Amino acid sequence: MEIQVNGESRRAERNDLPGLLRELGYSGETFAVAVNGDFVPRAQYPDTRIAEGDHLDVVAPVVGG
Amino acid sequence: MLSRKELQRYSRQIMLPRVGEAGQEKLKKARVMIVGLGGLGSPVALYLAAAGVGELHLVDGDRIEISNLQRQILYKTNHRDKAKAQVAAQQLSAANPEIRVHPHDNLADESWLRDRLGDIDLVLDCTDNLETRHAINRVCRALRKPVVMASVLGFSGQLISFDFAAQQSPCYACLFPPSADREVQNCSTAGVMGPALGVVGSMQALEAIKLLLGLPVASLSQLQLFEAESLELRPLQLQGNNDCPVCSNP
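Protein chains in written order, with the working numbering: chain A, 1 to 65; chain B, 1 to 250.
If you are wondering where the hints come from, they were derived from the structure by calculation, not from laboratory data. Keep in mind that this is a model prediction, so the values were computed, not measured. We put the beta carbon where it would ideally sit given N, CA and C, even for glycine. Hints should not be assumed to be uniformly reliable.
[Stated by the list, open to error] Examples of chain A residues lying across from chain B (beta carbon under 10 Å, computed):
1. PHE31
2. ALA32
3. ASP38
4. PRO41
5. GLN44
6. VAL59
7. GLY64
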């Protein structure tokens with residue numbers, strides 16, 4: 001399926017969020033994930049399904065001021 | 001009551017229907033703390049002082065270095081080695097003698113914040129590190145103080161507000177839980193674009209003024225991502241998180 005990740009088109013196979021994040025190369029816990037504009041609580045990742053055309057934002061905290 | 005001098009000074013703001021004399025008096029009565037007087041704190045403090053926010057508490061334990069001046073627009077070359085909080089207070093008092101300005105040239109750690117936030121109406125988190133951000137988050141939540149948080153690194157910025165006076169607000173730790181092993185990058189290690197701080201700091205000041213006036217706040221429980229390269233602003237909605245280490249332990 002084709003999805004948008006941080007504004008860029010990506011092809012991916014997995015449709016469960018934890019698997020998809022691994023497939024896209026994200027590991028660790030330093031980021032938050034929003035699906036179609038809404039952040040998903042980490043405990044809900046396993047139950048979150050991603051579909052064709054969905055928009056994912058993988059966001060790490062910006063530190064600096 | 002606003003004096004004739006104040007009516008004159010703030011006339012372009014008072015003529016806005018969403019502000020008016022009543023709104024200007026709300027700003028005058030407000031006690032606001034700005035934590036961090038660097039690249040974000042500079043425009044935030046300058047705009048809030050100019051707008052007539054009645055009492056400003058300015059918190060920063062650092063001294064001014066020459067490498068700050070590319071972006072920290074409160075300071076001039078001859079301020080080198082002076083305490084940021086003191087110089088900021090002088091500059092803001094000169095910009096607007098109608099307001100009260102209190103410098104605090106110390107680190108804002110959790111116990112200091114707990115002691116000092118009691119009679120503060122709103123906090124602006126302009127800090128450059130996650131440890132202080134999480135401390136501000138915890139104390140503001142415990143004392144039910146609204147907070148506007150921002151950060152900028154490189155060409156990217158983030159802005160989010162929490163109204164802890166309201167029921168059921170998520171918090172910063174719902175978004176990014178505190179973690180000990182987090183890689184620490186900041187302006188001194190990664191660089192930052194000065195005007196990007198100006199944009200995000202100006203948005204932070206806007207959100208603060210809107211919160212004080214009771215106007216809708218676009219960053220409330222919503223992370224606004226700013227990209228200086230594309231000039232894009234993207235909102236991402238935050239929900240409460242049952243696993244949050246801060247919120248889920250009442």
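How the hints compare with the structure:
1. PHE31: Status holds, d = 8 Å.
2. ALA32: Status holds, d = 5 Å.
3. ASP38: 5 Å, holds
4. PRO41: With a minimum Cβ separation of about 4 Å from chain B (threshold 10 Å), the hint on A:PRO41 holds.
5. GLN44: At about 9 Å, which falls below the 10 Å cut-off, the nearest Cβ of chain B leaves the hint on A:GLN44 intact, so it holds.
6. VAL59: 7 Å, holds
7. GLY64: With a minimum Cβ separation of about 4 Å from chain B (threshold 10 Å), the hint on A:GLY64 holds.
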